[in-house]
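These protein sequences, in sequence, are chains A and B.
Counting along the first sequence from 1, when you hit position 190 you're at 199 in the working numbering, and nothing is skipped either side.
Counting along the second sequence from 1, when you hit position 268 you're at 277 in the working numbering, and nothing is skipped either side.
Hints in this document: simulated from the structure, not taken from any laboratory.
Heads up, some of the hints might be wrong.
For identical chains, the list gives no copy identity; a pair is met inside one copy or between any two copies.
[What the hints assert, rightly or not] Calculated pairs, DSS-like style, for lysine-lysine (alpha carbon to alpha carbon, straight line, at most 27 Å):
1) K223 - K285
2) K385 - K442
3) K339 - K442
4) K301 - K59
There are 2 protein chains.
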Amino acid sequence: MNRITISQAAAHTGETVEIAGWLYNLRSSGKICFPQVRDGSGIMQCVAVKAVLGDEAFEKLKRLTQESSLVLRGKLRAEQRAPGGFEMDVDAFDILQRVPEETPYPITPKEHGPDFLLDHRHLWIRSRRQHAILKIRHEVVKAVRDYFDSHGFTLCDTPIFTPAACEGTTTLFEVDYFEDEKVYLTQSGQLYNEATAAAFGKVYTFGPTFRAEKSKTRRHLTEFWMVEPEMAYATLEDVKNVAEEMICFVVSRVLENRRAELAILERDLTRLESVKAPFPRMSYDQAVEILKKKGSPIEWGGDFGGTDETLLSEEFDRPLMVDRFPMQIKAFYFEPDAQRPELALGVDLLAPEGYGEIVGGGQRIHDYNLLLQRIKEHHLPQQAFEWYLDLRRYGSVPHAGFGMGIERCVTWICGIDHLRETIPFPRMLYRTKP
Amino acid sequence: MNRITISQAAAHTGETVEIAGWLYNLRSSGKICFPQVRDGSGIMQCVAVKAVLGDEAFEKLKRLTQESSLVLRGKLRAEQRAPGGFEMDVDAFDILQRVPEETPYPITPKEHGPDFLLDHRHLWIRSRRQHAILKIRHEVVKAVRDYFDSHGFTLCDTPIFTPAACEGTTTLFEVDYFEDEKVYLTQSGQLYNEATAAAFGKVYTFGPTFRAEKSKTRRHLTEFWMVEPEMAYATLEDVKNVAEEMICFVVSRVLENRRAELAILERDLTRLESVKAPFPRMSYDQAVEILKKKGSPIEWGGDFGGTDETLLSEEFDRPLMVDRFPMQIKAFYFEPDAQRPELALGVDLLAPEGYGEIVGGGQRIHDYNLLLQRIKEHHLPQQAFEWYLDLRRYGSVPHAGFGMGIERCVTWICGIDHLRETIPFPRMLYRTKP
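Whenever a hint applies, use it, and build me the whole structure from the sequences.
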């Protein structure tokens, strides 16, 4: 018997095949019942007829409980009204494990609270909606990697254990290393990227990053994935162009390959279809002017709040790039604008529809003396940054890069409310299980 | 001026172009000098003639120091004797940053000790050999991901912060979470993979894993990357077949795309070319018999030492698979062999040439009662495993998977001695910097 996955049904119409999965749903009416079976690749509506299966087997199937595991054999038929476009006429089946009535599958079609669902995350991911979100996550990750791999970037994984902080230690997780040594979990691979970019020209790192922020909002995770490209011989303009091109590529891949999942999420496709280059670009100066006109209390020199980000991005149907921020709200390593040294050559990319910042980056200081001055001004321990200063001692060049948070990007593309649904097992302030 | 990367030279022969990089090496003889320039994508031999550049510029270039950054313009010419097959006749150049003679680039062609090189890892990666190894690492990672992405596996990133240990807590790194809570850094995503496999059918996780082992050998890193696929409705045989197919795919990709890098490492290509299916397979029983004949002190029931692994694999020109191990040397979750319940349905894959185990995996217990019994026998806290037991309460099916350590695989493919050279910034017992 030829076992196929449900996603392969189209290539096997008219054939008798076997599928192996779990009972997702079941309707019955008298002498016929319609088990819906999921196998991870899709959902298949099956048609089981008492006259075909015999009384005993039919009753067994009709009374099967949700999420019981079973293997079915039967002939495939195209059927436009069925969820995936195909139906199986069941000839025979085997039940592998029947979920007992007394201890039924805990997630039912009724509403559950978020804590209950998060406590059952290991099962919740079987639900149609969560399944769709995580399939889109996979597509986004693959698209991001494919983009960089096909544009001359070398993957250079940066370390998770780091001795020093990139931007202060208050939001760092501390790890007990050997012999009472302390190390910290990375918040960004950027400083290391600058070293690998000088070795490989164009690089990216893509891995988990950590932030010990005591925030309990729908936008915070303590453990999240980030992609960070870095380019030698590159400037702020290159960062804007690469970020724009990469995001267009990612969105077009999702539109191409994940239509069914976007439909399950009831995503407005026109919103994604309008994500095309060129993205609108404005300076921080212009952004502050616009915000003031819209009634924001922001003053020049201040950072954008979430509301400011929404006010700015609501004007546009695609991501907005804002650049040249006041130096005092940016990290020590930003290259200053040559004309106006009070401005940092940084850029933030704000997703449309109020999804906020998904990309942040810019050009790094390449002059040794200026970098040393900044390290001192920021009261950073110079000794810990000697290796980073080496990059300016030995063949320093203009270089630039950015970081994109994967969960933020997926949340926006899915058009959903909560970051926590975009990662298989979210880690938050009060959530480290399962 | 058209700026290209050195790797694009073939498409621009006869054209006048610009390259931007770092001085890798320089020979000169009178009125002509030959700067070798690297840009991360390759190395270009350049020809600079005094009569073309003028006295002053020629002297400047001739005296340029190693790793100084510069941009060169000139015409490309095919030249078989040159390292990359092309040469540039230099018309003009700009030096971006000159490394001063008084503080020269610290890594010179002379021999350096391993500690010195590891202290300068941020620069060492610019060396030809390290560059080649990390390019092969990139190729391996990409091939692994491409294999799973094109064979119906869904990427499901498993968490780094874990509440409980998979196999005991002695080698776990502890993290201070919020409010005095302790969490641990993952050693394996397997238990979570079993949950996602029940939701997606076939899954893989690919990320950093951590092991707090006080070993200072050439095979140990505290932070290393691992890929772990898991399949629902699958058995030990499926694991062997997928591992074999994946490894053949990875090796063939490296042979296809990384010839130049393998040549730099002086890798014996015939060794890699013989890595073809079918791989030899034997049982643990058979392996013990062979080892005894070869004089190993091993007795039935014991685990293989490094020497045993070498003794076994030296018989073969491709990876060897050994399966069905005594239950007492395997983790609690292994499915027992139906005929001989004292054997675990696990498999180890030993790389040839004495490189040892690179894959370990097998079939997991799917019966609720047996799993519960094992959790008790191993004195594991049942409460912490309730979510894992849920996977056997709600639609349990036979399932299986494996893990492959990326650095071990890269070490073998590169044919090198030390794991630490296969990751950009290695973390070891006494090594957390740079």
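Outcome of the hint check:
Within a single copy, K223 and K285 get their C-alpha atoms no closer than 36 Å, and across copies no closer than 52 Å, so neither meets the 27 Å cut-off. In the homo-oligomer, the alpha carbons of K385 and K442 lie at most 27 Å apart only across protomers (21 Å), although the nearest pairing inside one protomer, at 41 Å, exceeds that limit. Only between protomers do K339 and K442 lie at most 27 Å apart by alpha-carbon distance; the minimum there is 26 Å, versus 35 Å within a single protomer. When the C-alpha separation of K301 and K59 is checked against a cutoff of 27 Å, the pair qualifies neither within a copy, at 71 Å, nor between copies, at 61 Å.
Hints 1 and 4 from the list above are not met by this structure, while the remaining hints are.
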